[in-house]
Amino acid sequence: MSRKRPAADAAEAAWVADEDRFVLQQSKKKALLRAKSGRASPIDWLAVTLSVLEPGSAQGAWDDDGAKDDEEFEIMEPEIVFEGLGEDEAALKDLMKGIDGYLGLERGAGRSYWETMKTICQDRLKQVPASSQQTSARGVGSVAGDLDRLLAPKSLPELEKLEKQIRTKLSAGGNIDTDYWEHLLRTLLSYKAKAKLREIGSQITAGRLESLKAEKVKEAESLRAELEPSQDGATNEPEPHLETGERHPLDPEPLLRLRSEDKQLHSMTGTEFAEKLALDRQRIVKKGFIPMQHRQAAAASSEPSAKRQRTEEPSSTVTAQQAAFDREVSRGLRDNEELVTTEVPVETKHIDRWPSNVKPRKPRYFCRLTLGYEWNKYNQTHYDADNPPPRVVQGYRFNIFYPDLMPREDGVVRAPTYKIEREGGRKRGEMLAPAGEDDTCVIRFISGPPYEDIAFRIVDKEWDYSAKRERGFRSSFDKGVLTLHFMFKK
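Heads up: the sequence shown at position 395 corresponds to 395 in the working numbering, and the numbers run straight through without jumps.
It cannot be assumed that every hint is accurate.
In silico DSBU-like cross-links for lysine-lysine, where the CA-CA straight-line distance does not exceed 30 Å [unchecked claim]:
no., residue 1, residue 2
1, Lys194, Lys169
2, Lys196, Lys218
3, Lys97, Lys30
4, Lys427, Lys359
5, Lys126, Lys164
6, Lys97, Lys196
7, Lys377, Lys490
8, Lys377, Lys479
9, Lys419, Lys468
10, Lys30, Lys461
11, Lys359, Lys36
12, Lys118, Lys29
13, Lys126, Lys218
14, Lys349, Lys36
15, Lys461, Lys126
16, Lys93, Lys154
17, Lys349, Lys276
FYI, nobody ran anything at the bench for these hints, they're computed from the structure. Every value quoted in this text rests on a predicted model; they were computed, and no experiment measured them.
Go ahead and model the full structure; you've got the sequences and the hints to work with.
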């Protein structure tokens, strides 16, 4: 009996390992499918990124039939995932649960990746402003600033070398300030994780560039093969001489005075413009590489395509509706804007009554939230322009694309609508959130076949319906694009 027991334990351990491996594989496969259909959550994007980095793995390696899928989709880098979550504590905690789930299943080299993601998520959670931590945070602000200046410029090898030196100093003991060195080590591990995050982004970008180069070479070879027959029959006739008329310079005439409408524009010096240009370039680089020829590339400014739902285009030509949507997306994100990443799953009513030949799908969207500083009495007392308070949500800008909206029974295409849904029977204007937090609600956008309802969780505050230029309320449906822009009342 004693001889059989170790063998039984080994068999059970092997069975558990196989089960964990199967669950891990299924989790990754589901994440990839959601990413391809434009429904990926933050944890899904982290899992898809790992598949790109793993040796022998590729974008389509998790398909059911084991074959690679030629359909490409843009990868959302981990840094963009975390930036999209911002200071949303609930979303960061959900992401942490997902990371812990993968850590519990991962047994290979992927554990180091998930441990890095967990360190970053923990660091983000520590940065979430809380009313109970504001006073203490100010007490360590100067120390944090010194550590930031020390560690931020260092590369990953330099941080690893410094980590080894600090651990050696702590293990040696002696007359040292242990609290300081332990705090420095914890902070260094956070910066080390950030450096790994940047390295992961560089690896993804380099891999996609190499893939694009190979694809371009293949396209060039194919095009050359198509053109060779036509070149064989070409003659060597000289090109006809074109008579040119009066030449005009292409440069515009200098304006000796500003137009009245231009006097209201913000002016800046050459140095200020160069600094702004450098910041804009950094922001674009952080957004990652998106191939130009893909379906969403007309909208590939500073918005990752992960937040634009994929739909089946009716044709290859750019319609007026597509152009209207692309114009809005091409404006990109302003400095005070972030992407809305709080989509919530909802059921579409009466979808069973739709025609049998209609395939339900989610609409594409480009949704942003507007951030700003709230200078209330507390913030005026504890903060200033050089040390501003945490930014808060001040409004939203929703743009949702419905190019193929079908007419109703009467033959009329109805404009999509929206409605606000509050949980727990809470009424408009009623506040139930703890002090220092905002109540939230769900805004649902309703259209009709072939589009399913789509919803987002937003801050529940009173909207400003005024017609002021910077705070103006806008709700319209034109050229297949539903536009809803609003700011909260101050």
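Here's how the hints hold up against the structure:
For the suggested pair Lys194 and Lys169, the alpha carbons sit about 24 Å apart, so the restraint of at most 30 Å is met. The hinted pair formed by Lys196 and Lys218 fails the criterion: a straight-line CA distance of about 33 Å is larger than 30 Å. The suggested pairing of Lys97 with Lys30 holds, with an alpha-carbon distance near 17 Å, which does not exceed 30 Å. Of the pairs offered as hints, the one joining Lys427 and Lys359 is violated, with about 36 Å between alpha carbons and a cut-off of 30 Å exceeded.
Proposed proximity of Lys126 and Lys164 is supported: the alpha carbons are some 25 Å apart, at most 30 Å. For a cut-off of 30 Å, the pair hint linking Lys97 to Lys196 stands: about 21 Å separates their Cα positions. Distance restraint check for Lys377 and Lys490: the Cα-Cα separation of roughly 14 Å lies within the 30 Å cut-off, and the hinted pair is therefore satisfied. In summary, the hint linking Lys377 to Lys479 is not supported, as the alpha carbons are separated by about 45 Å, beyond the 30 Å threshold.
For the proposed pair Lys419 and Lys468, the alpha carbon gap of about 24 Å is at most 30 Å, so the pair holds. A distance of roughly 36 Å separates the Cα atoms of Lys30 and Lys461; the hinted pair therefore is violated under the 30 Å criterion. Distance hint between Lys359 and Lys36 is fulfilled; the C-alpha atoms sit about 17 Å from each other, no more than 30 Å. Pair hint Lys118 plus Lys29 holds up; C-alpha atoms about 21 Å apart against a cutoff of 30 Å.
Taken as a hint, the Lys126 and Lys218 pair is broken in the structure, with Cα atoms around 48 Å apart against an allowance of 30 Å. Distance check on the hinted pair: Lys349 and Lys36 sit about 25 Å apart at the alpha-carbon level, within 30 Å; holds. At roughly 26 Å between alpha-carbon atoms, Lys461 and Lys126 fall within 30 Å of each other, so this suggested pair holds. For the hint linking Lys93 to Lys154, the alpha-carbon distance of about 29 Å falls within 30 Å, and the restraint holds.
Between Lys349 and Lys276, the direct Cα distance comes to roughly 48 Å. Violation of the 30 Å bound is thereby established for this hinted pair.
Violated hints for the displayed structure, listed by number in ascending order: 2, 4, 8, 10, 13 and 17.
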